[in-house]
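Chemist: Note that this note's numbering numbers the sequence shown so that position 89 is 89, with each residue one more than the last.
Check each hint, because a few of them may be wrong.
As the list claims (entries may be wrong) - Cross-link-like lysine-lysine pairs, in silico, DSBU-like; alpha carbons within 30 Å at most:
id, residue 1, residue 2
1, K443, K215
2, K595, K631
3, K654, K272
4, K23, K60
Simulated from the structure, these hints should not be mistaken for lab results.
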Amino acid sequence: MADYLVIVESPAKAKTIGKYLGKKYMVKASMGHVRDLPKSQMGVNVDQDYDPKYITIRGKGPVLKELKQAAKKVKKVYLAADPDREGEAIAWHLAFSLDIDADSPCRVVFNEITKPAIKEAFKHPRAINTDLVDAQQARRILDRLVGYNISPLLWKKVKKGLSAGRVQSIAVKMINDREKEIQQFEPEEYWNIKAEFSYGKESFEAQYYGKGNKKHSLKTKEDVDEVLGNIKSDDFNIQSVSKKERRRNPVQPFTTSSIQQEAARKLNFRAKKTMMVAQQLYEGVDLGKEGTVGLITYMRTDSTRISDTAKAEARTYIEETYGKDYVGKDKKPNSQNESAQDAHEAIRPTVIPRSPKSIKENLSRDQLRLYRLIWERMLASRMAPAVMDTMSVDLENGGMIFRATGSKVKFQGFMKVYVEGNDDNKKEDQKLLPALVEGETAKKEKLEPTQHFTQPPPRYTEARLVRTMEELGIGRPSTYAPTLDTIQRRGYVALQDRRFVPTELGEIVLNLIVEFFPEILNVKFTAQMETELDDVEEGKENWIAIIDNFYQDFEKRLHVAEQEMEEVEIRDEPAGEDCEKCGNPMVYKMGRYGKFMACSNFPECRNTKAIVKPIGVKCPRCHEGNIVERKSKKQRTFYGCDGYPECEFVSWDKPIARPCPKCQSLLVEKKTKKEVRVQCSTCDYREDPN
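Produce the complete structure using the sequences and hints provided.
Modeler: Given below as structure tokens:
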């Protein structure tokens with residue numbers, strides 16, 4: 001018979017922890033929260049200091065009953081939910097439901113699920129931190145007051161099923177504002193001149209820089225002609241040669257925000273998927289003989305701090321694997337993390353020597369890819385800087401200056417293991433220059449002027465949006481994934497080529513909120529609210545006062561909106577074809593998985609069709625149908641025969657309307673992060689991308 005009961009959130013976590021604690025401990029899962037505000041009503045008494053009305057979540061009755069029975073059989077109950085505000089709130093609700101004194105040492109927290117961490121945590125149980133609970137409760141009540149007041153108004157004035165929230169509304173506004181910037185953008189002309197030079201037997205490239213050592217922009221063709229007219233000969237004087245050694249420092253280990261961004265760039269993971277897979281790695285994976293083991297530290301963190309034990313492990317591993325020269329020096333703590341919860345660490349492997357290769361057979365493909373990213377990032381963060389030899393050369397002719405730059409890696413340092421991605425997937429190329437000597441000449445072989453036009457700002461990818469929200473202080477990293485998921489499910493935004501675009505519905509809802517609830521969409525106001533909620537967590541502010549300060553003005557605006565907000569009729573866009581079942585016009589509708597066609601005679605006729613786009617290619621399988629572009633439920637583009645289901649031809653790669661010259665099979669466009677190339681779907685024929 002066990003002496004102690006330990007309650008965690010999930011069965012996977014319970015299984016891992018149970019293995020470390022032994023027979024005296026019984027470990028059970030609460031399956032997340034057991035109490036929450038009711039879904040059917042506001043659940044907040046605004047006249048009684050915003051007193052929340054908590055109820056047992058539907059379906060959790062049997063779970064609570066089992067936990068209560070188990071609690072009666074043991075000497076003590078420990079609450080071991082995750083080490084953050086949400087986890088503290090879960091523990092607080094459990095303490096209430098199981099009649100546990102919240103001020104007693106019943107709370108156990110750990111940042112990683114490993115035997116040493118678990119054993120150490122149970123030596124130091126503490127009381128439930130009511131400041132953390134209050135911070136979580138304040139955020140929950142604030143979101144409830146906003147959502148459950150504005151949403152019914154939107155149902156009445158626009159359509160049922162809509163919702164509004166503090167953070168999600170800001171995210172939608174950012175996407176809409178970016179779209180307006182793109183639409184209003186006026187491109188400006190500019191030119192550059194590329195020069196090809198020979199120096200002895202070697203050649204190199206340079207770009208026009210300016211006149212007489214002053215940078216000069218080329219805005220028109222006349223500017224270009226003036227530069228070309230001043231060049232008197234093919235011989236350019238090598239005016240200056242500058243050689244420098246540049247150091248490049250490694251990036252910090254992952255936080256919640258940075259892992260979402262990097263997983264989007266390098267693995268094409270959505271934020272929601274990144275957090276789901278990270279949760280699996282944190283709670284534990286079966287490694288065979290070793291049993292179930294937590295592979296990473298807690299994945300919801302703002303901190304880049306790592307423990308001394310992890311630093312020592314990393315130092316030893318780097319020295320043994322790569323040599324002493326690759327070991328980095330300890331840096332001073334990063335001031336940017338002053339507000340981070342210092343009890344947390346960065347996201348890192350729990351055991352540094354546990355390389356991805358060593359556990360490859362025990363992980364799913366997604367688990368392995370994310371674990372490798374975390375492991376490489378952590379290891380690289382403890383390695384020495386990379387050293388680059390850079391060279392800059394100015395060449396002069398007729399007072400016109402052309403500049404060539406080159407670099408090469410002198411010492412790889414951390415780059416031997418990991419290099420951070422970027423939002424534009426640009427690859428850093430090493431350009432080596434000949435050993436040019438100041439005072440000598442290089443011969444011009446070719447001058448190539450090129451006209452360009454400035455480009456509008458890019459639409460937000462998930463990674464770019466997460467980064468911008470973090471920079472503006474909107475929401476918290478743990479809220480980004482559910483926020484981005486919500487605004488897509490509600491149909492306020494859509495993804496096109498992995499970039500967010502606003503929908504008509506999103507614009508309508510946004511305009512109404514802008515008109516009647518401007519503070520909800522005020523970035524500074526929202527960021528300030530997040531800061532105040534953080535102050536509640538630190539015991540500096542009273543949560544009731546913060547809520548009341550917001551609600552007094554919000555309630556007045558709500559009354560005005562109820563009286564003055566006009567009803568908005570959303571007309572369905574004609575699809576340009578008739579329903580094959582009843583003959584009525586088809587219209588475009590917005591659903592959970594994007595746009596689709598539906599009969600305008602709904603509900604009498606319930607005919608629906610996916611939106612398809614012909615691409616002008618005959619089906620290579622049945623030779624009768626045409627290939628059309630379709631969207632999967634996850635909004636991924638694919639191509640298939642319009643004769644489906646009779647013909648089941650499908651392809652993720654876009655077919656093109658000419659056969660392979662080698663085997664006459666189907667040619668397709670193969671997209672990678674770096675390029676789009678044409679290749680055969682059957683043989684090894686490929687065309688070089690231009």
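Chemist: Compare the structure with each hint and give your call.
Modeler: We went through each hint and held it up to the structure:
1. Among the hinted pairs, K443 with K215 is consistent with the structure: their alpha-carbon atoms are about 23 Å apart, no more than 30 Å.
2. Only pairs whose Cα atoms come within 30 Å are accepted, and K595 paired with K631 is accepted, the gap being roughly 10 Å.
3. Taking the CA atoms of K654 and K272, the gap is near 28 Å; set against the 30 Å cutoff, the hint holds.
4. Proximity of K23 to K60 is assessed by CA-CA distance (about 27 Å); at most 30 Å being required, the pair is judged to hold.
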